[in-house]
Structure formats: structure tokens, C-alpha cells
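Trainee: Now for the letters of each chain:
2 protein chains.
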Amino acid sequence: MEWTREKRYLPYKDWSAETLLHLQAQAANSKYQMHYHLRPISGLINDPNGFSYFNGEYHVFYQSYPFGAVHGLKSWVHFKSKDLVHWQNLGLAVQPDCKADSHGAYSGSAKEINGKLFLMYTGNHRDENWVRTPYQIGAWMDKDGKVSDKTILFKNPDHITEHFRDPQIIEKDGIYYAILGAQDEENKHGHIDVWKSEDLKDWQELGFLKFSDQDMGYMIECPNLVNVNGHSVIIFCPQGLDKSVADYDDIYPNMYVIGDEVDFENHKVINPSTLHNLDEGFDVYATQAFNAPDGKAYEISWVGLPDTTYPTDDEGWANCLSQVKELEIKDGKLLQKPVEAIKSLRHDEEKITSQLIKENSGNQYELELEIAADQIGNLHLAANDDLSQSLRIAFDTQNGTLTLDRSKSGKKVAIDHGEQRTVSLAKNSKLRLNIFIDHSLAEIFVNDGEHVLTGRFFADPSHQKISFDKDIDYNGKFWKMDTIL
Amino acid sequence: MEWTREKRYLPYKDWSAETLLHLQAQAANSKYQMHYHLRPISGLINDPNGFSYFNGEYHVFYQSYPFGAVHGLKSWVHFKSKDLVHWQNLGLAVQPDCKADSHGAYSGSAKEINGKLFLMYTGNHRDENWVRTPYQIGAWMDKDGKVSDKTILFKNPDHITEHFRDPQIIEKDGIYYAILGAQDEENKHGHIDVWKSEDLKDWQELGFLKFSDQDMGYMIECPNLVNVNGHSVIIFCPQGLDKSVADYDDIYPNMYVIGDEVDFENHKVINPSTLHNLDEGFDVYATQAFNAPDGKAYEISWVGLPDTTYPTDDEGWANCLSQVKELEIKDGKLLQKPVEAIKSLRHDEEKITSQLIKENSGNQYELELEIAADQIGNLHLAANDDLSQSLRIAFDTQNGTLTLDRSKSGKKVAIDHGEQRTVSLAKNSKLRLNIFIDHSLAEIFVNDGEHVLTGRFFADPSHQKISFDKDIDYNGKFWKMDTIL
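Chains A and B, in that order, give the protein sequences. When we follow UniProt numbering, the leftmost residue of the first sequence carries the number 1, and every step to the right adds one. When we follow UniProt numbering, the leftmost residue of the second sequence carries the number 1, and every step to the right adds one.
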């Protein structure tokens, strides 16, 4: 089947229920499907949306195109959780059903306001000549999950192109602000645009956020502001960023800066850091973060990249979300840690100490390792018998490096952007790893969240050996992980 | 919308995906929806099918009509589990896609044979004059959940009417047998028909199973044979059973007899007991049981009744499955117990001793009570503040009775068949109760499975008080229960 524009934007009512049921079964039965991460019920998912706390529970939505592994007509699918680990699927929530979002209910955010969940997102509209107008839309979700009262809040001002999207709704001292990704009309550069409202109805533009002297490329997507231990962290996705500004490997990076605080009225970040890669693996994008009522900062990411194909495209589904991570700043560094409740998925704990860790690991586990200083070797995951095929982690705790290598881990992904990712570590120091494997997803936490390397890999599911390539001074634990969906 | 015959049998391809997505979201968001029981993803579910152990996991399917709360064109939806409590939804598995099951892939069973799961079920076919022919179909499911090789095994012989369905596949000493519900042509009475095959291809009828001298009414549905502690238990649903044979309250009962064993060649149960009600509550039907490889006997039931409407019909969905129960025979009595793993859903344990148990229980919990002998009182669940509205359990541990009363528990169900169910207990004896509440479902285990009373109730979800009506000598525990779906 060819994914023509007509097909991708066919209204949901013109697809058959039989097709959808088959796509749902196909996604559920895939050998590569994730089972303790949020994943597509069918079709393609991308950005997390509306990550929030409402009515005593955590909520998250994702961008969904239910009919195939392409970016077609998007809607929001809703999940809620008591612990940020076990999620309940509440199904289609925001659909492209008005003129302003006729070509997609695109990304946005959510915030509990007066007993309802306020949703702020970008409606994608195309006219008969396929000219795009983005509308920033407000809507309200009640406690029964019903979304109503969609209203256009504003559309792109003249000095911003059609690339204007992904509003994050923020409240500070009783005033509402929104930050959006934007491209200026004059220079076609990427910015974060700041807006203000006192009543969520009348909005005024404050201007582009000042957080760097550098050029951010041609567009910024998915800007997010979150407070972490008294600092303001801005997470965002610059597109077309020059690698001299900040080095990265993926087609588009997901970056952050840390500032002291944000001065909204003057639309500037006070004392911003340089840019850093949020994830140092392969496939993280469109991360969304928010502060829970207790002040804790949580993030969740799309594991998938724009303009990238994946091996499950042939099975009619693609991508997943990351596990939720808690953010902390320690000694000026941003740490990303698994939430405490992820431990509730662990079962059948085993202590491990030998070179061969598991002959048959299964495809759904957590591995916790503490490797001594001055060890050099390779850890093979999802390996075949002679370790010639594997997802490989090369470590050198003498000189301080760790490399994730997916070049021999099965079906190929985005090889133009490299098959290895390397991070620098302290020299002559022990190395702590928490490795989460969920079928075709690996999330590797280094030294309690100092680095995270996330990546998809598509190994033969029967490749279940975990082993070092030689004797290594380490100790560790292995757990099977429960299924949540 | 009127549910015409045309509408109910409209092919799935002629329904829109948008309609299905809305029905799925509506079912997921309903206040009455169950969250630790198998429930419809959308529409109506009925009989459990194919309850089995395959490829190292438990499997169950259910009859599904995805497009509303009516008995329309049926398919099988697939779930699997490692522990009989946490289920993974694998979606549509057997669909009405050949002439023999053109009007529904009706109920049946499953058994692992040579590394695949053999499915045996009834295909419902109607001709242009709406004359029904039931076909008994075999099919094979592989480890990836793919169903293929549908074959008609046999259709109804001349002496059986169109009412011929629900085959259970059984293997004994290398020979395959099937038992089916059947109505004889001559007298239009209900029977269990026994068939035999050596290769699953050629089948011969052995005859009606002799297990009672009584007339079983006009039809028997869903016969199941299971071995329990060395006895043969036949579970079945007689329709039109005279109440002089065995008393019951529901529109159709789900009954069982216990025999020493089944002599297949002579199609008779050796030393059968009289008929007993399997569940003494309101809504249990079409129970399916099987023996796991370790010999344990498990059952799962449809919680819902034929020819009965429920309050959620207005929300486009209906019914659920029971929790899985383990069967035991002790002192000649059949016991039905929760499986051990149900305890893994418990959290936030509280010891309880006072008259008021909980002011705000939530809608998803287990309550374990041991009430002393010679106590007379009422336990109110899902109650409003003054206890005038509640799901009431009246107990008298002096004279030995327990009554479940849903007459004041909210929206009404099947009131023509009574709003109370009463069981007799030993006199002057303590009473042990395990009460599982899952929103609109109550499962009450009495004295470690000597009696089970299951029922749907549709209380205002804000009615969350649990209280005795007076001071009672008891002790107990309360747990919130995790969500599994």
C-alpha cells in the first residue's frame, strides 16, 4: 500500500473497524513490541502530550496515528496511572474534529485548573491548496475523560511562519504563560516563543525566549520548562542545529539548558548553561516534563525520531514512549533516574557475578551492574551463542568511556547517523549501570542517572544470551520485569 | 439507534474505525468498568473460550461483539497470562471470515497439541432465509497468535436440531473426544453430545452423555468436563430446566454434577451426583474449566446472562469475565477458590475491627472478614451515608444463612428474577468471607470457596461507605486492588 497524502489524511470514519482490529492485534502480537512501556495500540505514536497530574492521578497522552507506521492524521490517546509505571489505557481523547485541527490534533500540554484538566495544543489545519495554518487550541477534560469546549486561543502572528506549535501551559504567581516552538518569518530560525494570559482566553505574545547567544537552527520543537531543585530547566528539540553549537549524532537532537530561573515578562532565562544532549543514545525526542504537585520533576520521551523508518513499519506500527524518569540537579548536573515504582515490576531476583550472566534472559528484564574501576571489556546483551551478534556495551573504567553499539544487534535503524554512541566517564572509577530491556527497547542508566542512553534494537528474539566477553570484576542483579500492557 | 438484524450482522469492514475508537474510549472511561477483571475493549462480551495452557502461558479468549451492547456478529478476542491474574490483551484472534462461521465465530475450547494451540469452536452460519446451520470447526493458532487452517470437522447430525454448539476438546489415553451442547430433533430436549476422533479430522458421534435421569430442559449450553481431585466434574448450562429438578433463580442456571469418572465409549458419567448451582449469586453463566499441565483445575465464567439487559448497555458495552478460580473437591463438595496470584493485586493492607469499616473505600478492593458464630447483622457495601442505599450482605451465623441483596444498590438488573440470593451455612459457626469489589462487580467467596456469590451492581460510584449496621464480633482486613487493564 502506498501512503499517499489522501490516504494519510483520510478521516477516521473512512477507515474500517476491521482494519483497525487487525492492526491492534498485529501490534499486540509483534515480537518486537514493548510490554512495560507505553506503546501504540495500533499504528504510529510520537510525542508524549499533556503529561500532568489531575484528579489524584498522573496522566499522559501520546500523538497517535492509528492506521499505519506513518505520520498521518494525528489524535491524542490517553493513559492514567497512580505510580507512573502502571498505566491504564483510556483510549482516544482528543481527535481532529474541528476546522482548526482538521489535519491533526498536534502536540501540547495539560494542567489541572479548577477541577478540570486544561489541554493546550496545536491544531494543524491545511486549506485546499495544502497551505498550513497552525492554531493554538484550548480544551477541557473532565474527570470522566470527556474533552469539550475546544477554543482557538491564538494563531501564528505575522512574524512567525507556519512552523509554530507544541505549547506548554505554565502557571506562575496566578498568571498563565505558554511557551511554543516557532520559526521566525524573517530569518527562518528556530525559537521558543513566550505568551501570557490572565484568563486562558486573551493571550499576548511576550517575545522569543533568550537562553543562548547561538543560532538554534531552523526550528525548535517541543519546548518544556520544568523546575528542578530550584533551577529552571528548558528541554527542547532544535532542528538544523549546527554541530559547532552542540555536538549530537541523531537526525535531530533533544537538548536542554539549565538556568537559575525564567523571567517571563522579559522572556529570558537567567544565567543559562550551554546546550546538553538530554539522552546520549539513539532514539529520544520530544521529551515532555512537568512538576507534580509535590514539586518533583518528571519527564517522559518519545522513543523514535522524525523522518526515520523502523523495522516494525512493515508490521503497521512504530515507536513507543520511554519510561518516566525523575529529574534532579546535583552538583550542577542534571540527573535522570528511574522512578521508584519501576522496582514494583521486578521479580525473580538473581544475584550475578560470573562472566556468563544469563544463557536465556527472556526479552524483558532489568540488569543492575556495578563494575569495578580499571576494567576494560564488553557486555553483550541479546546475544547469540558465540556473541558475534549482540547489543554491545563496551566499557573502560580505567580511561572512562562507555559505548553503546547496535551495529550487530539485528535489523538496522538510521545507520546514516551512526551505530555507536559514546559517553565519557570519570577515569579509574567504578561504573554503575541499570539496564532496562523491553523486547526492542534498551534504556541504560549510567551512574544513577548521570547519563542515559536509550535506543531501539531489533535482534532475533531468540538471541537471549547476556555475557561479558571476558572475566570482569563486578557484581550485579538480574530481574525479570512484569508486563503492564 | 435500532439494532436491526442487518446492523447486528454487518461485517466488521463496514463499521468505521472512528466508531470503534469511540466505543473503546467509552468502555475504558465508564464509571462502571471493571479494572482487575477481563472486560470488553468495546461492545459486548460473553462466553470465555479456549481457556488453556499453551507455550508456557495461560490463554483465554472471549466472545466479542465490538460494536455495541447486543449479541451481534461474534469473534474471539485473545488474552494471555503468566499467573491467571495479569492478562495481556492480544486482540482479535478468531473472526467470522469463512462461510462456516459467516454469522459468528461462536464458543469453543482450545488445547495445546504438537506445539500449536488447537481451537475447536462452533461456526454459526445462516442462509439467505436465515436458516441456521452450526458447523464444528477446527483451527490452529501458532506461538505468534496467528490463527489458520480452519476446517469444518462436522455439522449437526440429522437427529440434532440447529442447536448444536460449544465443543470442548478433550484428550484421554491418546484419543480425542469432544462434548457439545445439543438439542435432539425428536423431543427438543437438551443434551450433552459426545464425539470421538483419533486424528482430529475424522469424527464419529458416540451419543448423548448419560449423567442424570432427569429432563435437562430444551437445551444445554457450554458443557465442560474437568478433573478435580480424581473426580469428573461436568459444568453446563441447562436452558428451560424445570425447577423441580434443581432450584435456581437466574433466567438460566450454570450447574454442575460430580461423578467418579466419564466412560467416553459408553458416553456415561459413573456415579453422578445431583445437579448443583455453580454460583449462588446473580450473573454467572457459560463457565469454562480446564486442567493445567500440573493437573490443577481452573475455571472462568462469563459474568452476564443471555436475554438480559444491563445498565451499561446505554454506554455501548456490557459484561465481563469472572476472576479465575481454582477448583477443589473436599469432603465430596466442590470448592471454588481465588487463585493464589490474586493476592499480588493487594496493596495498602488495613486491619479492621470496628462497625464502620471504611468511610471512603474506593471502588476496587478486597475485604476479608471472619465473623464470629452467633452474630446476626448486615454488612453494607457501596453504601451511602445513612446506609439506606447499599449492596447488602445479611448474615446470621446463629441459624446459618447469608443473603446478598442488590435491591437498593443502584440501577436495577433482571428484577423479574429476584434481587436477593440466599445460601445456607452451618449453624452456630463462624463465617469467613472474601469479598472482591471491582466497580460494578462483586464476587463473594464464603468459607474458603464453599459458596461463591457473583453479581453485578450499579451503585452511584460516590457511595463508598462500608459498614455493619451494628456492632459485630469480627475481625478482618481490607486491601485496595491494583488495576490490570
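Any given hint could turn out to be false.
Heads up, the list lumps identical chains together, so a pair's fine if it works in one copy or across two of them.
[Unchecked claim] Calculated lysine to any residue pairs in the SDA-like style (CA-CA distance at most 20 Å, straight line): (1) K150 - H22; (2) K358 - E112; (3) K427 - L200; (4) K210 - G259; (5) K210 - N227; (6) K31 - S148; (7) K82 - D482; (8) K143 - F458; (9) K408 - S81; (10) K82 - R346; (11) K477 - H347; (12) K188 - H159.
Just so you know, these hints were derived from the structure itself, not from any lab.
Trainee: Does each hint hold? Answer for all of them.
Mentor: Now for the hints, and whether the structure bears them out:
{"no.": "1", "hint": "K150 - H22", "in the structure": "between (32 Å within a copy, 18 Å between copies)"}
{"no.": "2", "hint": "K358 - E112", "in the structure": "neither (46 Å within a copy, 28 Å between copies)"}
{"no.": "3", "hint": "K427 - L200", "in the structure": "neither (51 Å within a copy, 66 Å between copies)"}
{"no.": "4", "hint": "K210 - G259", "in the structure": "within (11 Å within a copy, 82 Å between copies)"}
{"no.": "5", "hint": "K210 - N227", "in the structure": "within (17 Å within a copy, 74 Å between copies)"}
{"no.": "6", "hint": "K31 - S148", "in the structure": "between (38 Å within a copy, 19 Å between copies)"}
{"no.": "7", "hint": "K82 - D482", "in the structure": "both (17 Å within a copy, 10 Å between copies)"}
{"no.": "8", "hint": "K143 - F458", "in the structure": "between (39 Å within a copy, 19 Å between copies)"}
{"no.": "9", "hint": "K408 - S81", "in the structure": "neither (36 Å within a copy, 32 Å between copies)"}
{"no.": "10", "hint": "K82 - R346", "in the structure": "both (18 Å within a copy, 14 Å between copies)"}
{"no.": "11", "hint": "K477 - H347", "in the structure": "within (11 Å within a copy, 25 Å between copies)"}
{"no.": "12", "hint": "K188 - H159", "in the structure": "within (10 Å within a copy, 81 Å between copies)"}
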